[in-house]
Amino acid sequence: MAKYLLLKHYRGAPASVNDVPMDRWTPGEITAHVQYMADFADRLKETGEFVGETALAPEGTFVRYDGEGRPPVTDGPFAETKDLIAGWMVIDVDGYDRAVELAGELSAAPGAGGRPIHEWLELRPFLTVPPTIGE
Amino acid sequence: MTTGVDEVLLRRLAPDVLGVLVRRGADFAAAEDAVQDALVEAVRVWPDGPPRDPKGWVITVAWRKFLDAARADTARRRREDAADGEPAPGPAPAVDDTLWLYFLCAHPSLTPSSAVALTLRAVGGLTTRQIARAYLVPEATMAQRISRAKRTVAGVRFDRPGDVATVLRVLYLVFNEGYSGDVDLAAEAIRLTRRLAAAVDHPEVAGLLALMLLHHARRAARTAPDGGLVPLAEQDRSRWDTAAIAEGVAILQAALARDRLGEYQAQAAIAALHADAPAAEETDWVQIVEWYDELARLNASPVVLLNRAVAVGEADGPRAGLAALAELDAALPRRTAAAAYLHERAGDLETAARLYAEAAEKAPNLAERVHLTRQAARLNTS
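Each protein sequence line maps, in turn, to chains A and B.
Mapping of the first sequence onto the numbering used here: position 92 corresponds to residue 235, and the numbering continues sequentially without gaps.
Mapping of the second sequence onto the numbering used here: position 208 corresponds to residue 849, and the numbering continues sequentially without gaps.
I should point out that these hints are in silico values taken from the structure, not numbers from a laboratory.
Glycine included, C-beta positions come from ideal geometry on N, C-alpha and C.
No incorrect hints appear here.
Coverage of chain B stretches by chain A, computed from C-beta distances (three or more under 8 angstroms per stretch; other residues unrestricted):
{"no.": "1", "region": "773–786"}
{"no.": "2", "region": "910–921"}
{"no.": "3", "region": "1005–1013"}
This is chain B alone, in the form it adopts within the complex (with noise of 0.2 angstroms):
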């Protein structure tokens, strides 16, 4: 989908027209094809003459798609002696159609991958080879994997609101985990949980919305113009976006406001306190330390202990991190690259040397690893 096209637009319109058609008694998988169908006919015929009622036209278009595509199947289906042949009822009133989309694309029966392609996809109205190229998987395999899911998904039913939880997962997957290609993923997924900010009210929906916006506002600097990644202590403060911070911290504070901790929340709050401060050295790392022991209280998982000791070593000093980290898994991932800081600030620099050569053999992906390594060879050259 380009030119010519509000692209952004039409993908808006999919979630909504796609709760039409399941509400007229469309099976949603048969339903979302339509959709699909429908958009890219838009944006063939748009340029020409776009319509004055955007989404009515989409509705009549994709309406017109899902009956041309069910007598074609009846036929087909005549032959195969199909036995699921009794109407699907469509979703249950008591739940917002956008809602029951999204509850309906992360169901807990789906992978994490299939969540997410279906959620792209469905709610979020990108094709199947704009996924399949954000994810770097032949456009074949994302059919298959969004086809699997529909059908997974076929016969499920929601009398009320699933868990919003597994809504959130899937889009701080999205959000943390977007790779490359011509869609950007992390603003797609902040599209996608504004939306849903605007559909349920949750303070945890709100807290993903913050934590997103605000590690979206150092994107500019988080990247070396050579594709290096910048640390955050490291990053050129006056790139951050401002707008950005703004609006994460104040859906942050009105979220808190209301008193239902979550996860999502406490670590908005540690992004918020960096973006506080500006410049690396003015950062409130007692007040992080604090945010990382309520984050334990609520997820006490190693990720989080090990963020937690790497602050407690700059609130209290490098002795006290790493006394922190001794107490941690030694196989977990990125505690040598955070053991090598605390040894470097510690004074210890051959041990850190050593730590940092070693942490970029075992890290996950390639610019950490050139960071680790680049650390280790400055260690080592000086």
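The shape of chain A in the complex, shown without the other chains (with noise of 0.2 angstroms):
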């Protein structure tokens, strides 16, 4: 009983195996590369370790505080930042392996040819609250 987020980067991960654009791929290749990833959705929902999955565009606004009185002052996006998260999915698993093992499935969504990008996804354990028992 363990949550995770899966991040997806459009920027900021190791170079992927089959690292090919997307506007590069046939339409038929898309196809098949958003069908693997409903049914990998799917595939959690039915074993219930889903818990929810998010999209995002790559265009984003940085936001600040600008003073008492004063909108907030906005900026970006900031094409020098490392990271653009592309989406993101959150498992709720029996442990670390589980997760792996489906992060590791997630990553070998055809692309190009396809055949499986081997894209990086980073893997992020949720901060939970503490267990009651201590010593």
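Assembling the complex is the task here: the two chains are given apart, and the hints tell you how they should meet.
In structure tokens form, the structure reads like this:
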């Protein structure tokens, strides 16, 4: 019973093995990819391990407080920012090994040539509440 | 389930009624659904006029729900040409109804999270929604987890009691990793363990019940008003629940008297020694180390050895504690936090501050991270 965030990067992760930009795939390959992702989520719903997922637009805005009575300052996007998150999925699994297994499956989504992308996904454990029995 | 109905009474009926249905020949998965439906109906109908015999009422309604579902299912099955048409035999009479249910829901073929979910629903009588909220997952996800668990144990038959240790592990998980939600999972774990203790005579069941009561007793003192974690040494002991402590100690003593020591009894003995100290400085650390030695003989897990090292640090001084710690794997969770504490006690504040900060980064939960960061900040700014 541990929750993990699976992060998919537009930018910031090491290069995939099958590193071809999506706009160079065939339409059929894109369809197959989208189907794989949907099937993966469905499978997790069926095993009772799915919590949620969202895809994110590549454009973002940085916002910060600018003092009492002033509107927040907005800026960006910054091209030099290292990380750019493409989307996330949260899973609730029995432990780290299962989380790694699932991330590996997701990373096998087909890309150019119908071959697995071998994309690097970032796996981040949730901070939880402390256990009751401490000593 | 809320308002106007004694929810705890209803939930207590759940495993009994389930047992009755299964003995009448209903298969476990369908019977469990029927009991849930009956409980929901009770919540709807009882406020207008509660029955004189609640259990009889729930049995009648659950049985009717089961028959309705079975009829609908038969019609569907004819179309699907299902092969598993053979009637499921009831549980063997050798095993008590409630006990059989505990064993089934904690069956080794289930993953821990499935066993926990199934136990809370079938034995605890909680709704899927309540369990989903407690574990912070969508209701549909929890529903799937439970129905898969039911499928997994569908073919299980008990001609003799299972291993009680598997049941205790599940109850321990419910108690120890209780999250939030509208159900108090720690209290629920105690309720279920109490009931198990009444159904089976086993010193480790008593040991786990004592362990839970002794830790539950500290609950009010464990959390600061801001939600922060208050470590044992800093807790306001006047806020400990003395009735729960007295009950836990009495149960533990009766269990220990039977001279069949197990891990839960040993852990409860340690908790009892903490409960016995009017102030942290008066803790009998020498005895606590002895109990950790017992615990390590039963199961020398890294967590036990780490806690033992901390206890040695209290009993024989921080240098002794650090020496005990040095023998343990550096990657062990909370090892750095323990080292920080022992270094501080030994007077090496610089190392302690650095280790507290490092431990904060590795903390598995937010409360511990905040606590450890605060410790580092305290040393860095004093």
